[in-house]
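Enquirer: If you want the building blocks of each chain, they are given just below.
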Amino acid sequence: MAPALRVCRGILKELRASIGPTYNKSLAYNYVMDQFRKNKITGERYCRAQQEAHHDSNTYLCLLGSTRTHLALHKLYHAKGECSQESAAAMVGLRLPEQPGGKGWEK
Amino acid sequence: MFRRLVRLQGPLGNILSPDKVCPRNQQLRCAVNYSSALGEKRRFYKDVSISQSEGGLYEVNLDRRKLKTPGGKLFTAPNEAMAIAVATEWDAQKDTLKYYTMHLTTLCNTALDNPTHRTKEQMISAALKFLETDTVCYRVDEPPSLVELQKNEWDPVLHWIENRYNVTIGSSSNILGPEIPKETKDTFRQHLKSYNFWSMTGLEFVITQLKSVVLAIGVIDRHLSVEQAVLLSRLEEEYQIKYWGNVEWAHDYESYELRARTAAGALFVHLSSESSTIKRKLMQN
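One line per chain: the protein sequences are A and B, in this order. Counting along the first sequence from 1, when you hit position 75 you're at 75 in our numbering, and nothing is skipped either side. Counting along the second sequence from 1, when you hit position 236 you're at 236 in our numbering, and nothing is skipped either side.
Just so you know, these hints were derived from the structure itself, not from any lab. Backbone N, C-alpha and C define an ideal beta-carbon position, used for all residues, glycine too. Treat each hint with caution, since some may be false.
Claimed, not checked - Straight-line Cα separation of at most 25 Å, SDA-like style, residue types lysine to any residue; simulated pairs:
(1) B:K185 with B:V157
(2) A:K75 with B:A250
(3) A:K75 with B:Y45
(4) A:K80 with B:T101
(5) B:K94 with A:G10
(6) B:K41 with A:G20
(7) B:K211 with B:A250
(8) B:K68 with B:T119
(9) B:K151 with B:Y138
(10) A:K75 with B:Y253
(11) B:K193 with B:L57
(12) A:K80 with B:D95
(13) B:K68 with B:F197
(14) B:K98 with B:G72
(15) A:K13 with B:D47
(16) A:K75 with B:D95
(17) B:K66 with A:Y23
(18) B:K98 with B:L258
(19) B:K120 with B:P78
(20) A:K75 with B:V247
(21) B:K94 with B:T69
(22) B:K193 with A:E52
(23) B:K68 with B:K120
(24) A:K13 with B:E227
(25) A:K80 with B:W90
(26) B:K94 with A:R9
(27) B:K41 with A:H74
(28) B:K66 with A:L27
(29) B:K41 with A:A17
(30) B:K129 with B:G177
(31) B:K46 with A:N30
(32) A:K38 with B:H223
(33) A:K25 with B:L62
(34) A:K80 with A:L94
(35) A:K75 with B:Q93
(36) B:K46 with B:T69
Unchecked claim - Taking CB as the label site, the calculated pair distances span:
(37) A:Q85 with B:N196: 53 to 61 Å
(38) B:D113 with A:A90: 41 to 49 Å
(39) B:T116 with A:L96: 45 to 53 Å
(40) A:Y77 with B:N152: 29 to 37 Å
Assemble the whole structure, with the sequences as input and the hints as a guide.
Expert: If you want it as structure tokens, here you go:
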């Protein structure tokens, strides 16, 4: 698992990417920074709360990152809808036939 | 003089064809807004905030309106962290609302509404039944490199859970799967009873996503990270991808979706079952 600083920066980057320029005023930013500061210092050698918080922060980073990537992949591959007849034909290198006099039933 | 673009909206029966409405506008096409017909809602709020209500529950507010579940109930989160995470999901929506990216919201709605009226006992029984067809216990006979890979990757997790809970699970390569002894099931039943209803909802979700009880418990007990668990769950697929190649619009798409859902489920369980207190230690001079 990545060190805590990298996870923290990762979460902030994801928040900035998903919310926008106002991310450092958002609720999540304040809560995350608060939690990281609270769990930084511990007197124990093996602090379970710190380990749990570290795992949770990794999980949250994974959640933010993978939803964003999944959405981007969806938009890229699965969100175009149907293409027009011209582009469908162009996909295999063909063009639709032209009939200068019209097809006969058009007004 | 500005020519107003007519935006047509509403049920399909009322929509006039653009040609009839703006006949002289050949180049400028009217923007016909079909979004309500296609089921896509626009983002209708500007700010997302949370507020505390009685009983220590937290609500999410979209502008001035309180968020409600699909069942009509008021949306309440058990603690501040969950409410903030849900609020962030709503805040991350851009022009349209994409409900399939709001995993924590969906899980909270399921726990609040309980549309299929499931009890905790039913969920525990379903989880234990799943143990008989657990991914980690189902091994192949060939090709030998896959057998080796399964042994190297899945055996450590099995050993860990067998030691942690003092049970025997075992793996098998025949079609019937492993024989789970009754004591194992009883031990797990006792353990699962300690989770509350919300946590159990999340745990069942993680089990269904990872197709494995062992891996789900591994994530919840913080023995595995989400990425590791997803990798172990998709071990054979990753093996085939390394051999035959990766198809981004299928393999990566599913992988990231699985990661998102599993991470949401794990976070949901942890946020539902945590309680934090601050105990100040006296400074010793």
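Enquirer: All hints are to be evaluated individually against the structure, with a verdict given for each.
Expert: A quick look at each hint next to the structure:
no. : hint                          : verdict
1   : B:K185 with B:V157            : holds (18 Å)
2   : A:K75 with B:A250             : holds (13 Å)
3   : A:K75 with B:Y45              : holds (23 Å)
4   : A:K80 with B:T101             : holds (18 Å)
5   : B:K94 with A:G10              : holds (21 Å)
6   : B:K41 with A:G20              : holds (21 Å)
7   : B:K211 with B:A250            : holds (19 Å)
8   : B:K68 with B:T119             : holds (22 Å)
9   : B:K151 with B:Y138            : holds (11 Å)
10  : A:K75 with B:Y253             : holds (11 Å)
11  : B:K193 with B:L57             : holds (23 Å)
12  : A:K80 with B:D95              : holds (16 Å)
13  : B:K68 with B:F197             : holds (20 Å)
14  : B:K98 with B:G72              : holds (19 Å)
15  : A:K13 with B:D47              : holds (20 Å)
16  : A:K75 with B:D95              : holds (14 Å)
17  : B:K66 with A:Y23              : holds (22 Å)
18  : B:K98 with B:L258             : holds (17 Å)
19  : B:K120 with B:P78             : holds (18 Å)
20  : A:K75 with B:V247             : holds (16 Å)
21  : B:K94 with B:T69              : holds (21 Å)
22  : B:K193 with A:E52             : holds (21 Å)
23  : B:K68 with B:K120             : holds (24 Å)
24  : A:K13 with B:E227             : holds (19 Å)
25  : A:K80 with B:W90              : holds (24 Å)
26  : B:K94 with A:R9               : holds (23 Å)
27  : B:K41 with A:H74              : holds (18 Å)
28  : B:K66 with A:L27              : holds (17 Å)
29  : B:K41 with A:A17              : holds (22 Å)
30  : B:K129 with B:G177            : holds (12 Å)
31  : B:K46 with A:N30              : holds (19 Å)
32  : A:K38 with B:H223             : holds (23 Å)
33  : A:K25 with B:L62              : holds (16 Å)
34  : A:K80 with A:L94              : holds (21 Å)
35  : A:K75 with B:Q93              : holds (14 Å)
36  : B:K46 with B:T69              : holds (19 Å)
37  : A:Q85 with B:N196: 53 to 61 Å : holds (56 Å)
38  : B:D113 with A:A90: 41 to 49 Å : holds (48 Å)
39  : B:T116 with A:L96: 45 to 53 Å : holds (50 Å)
40  : A:Y77 with B:N152: 29 to 37 Å : holds (33 Å)
In summary, the structure agrees with every hint in the numbered list given earlier.
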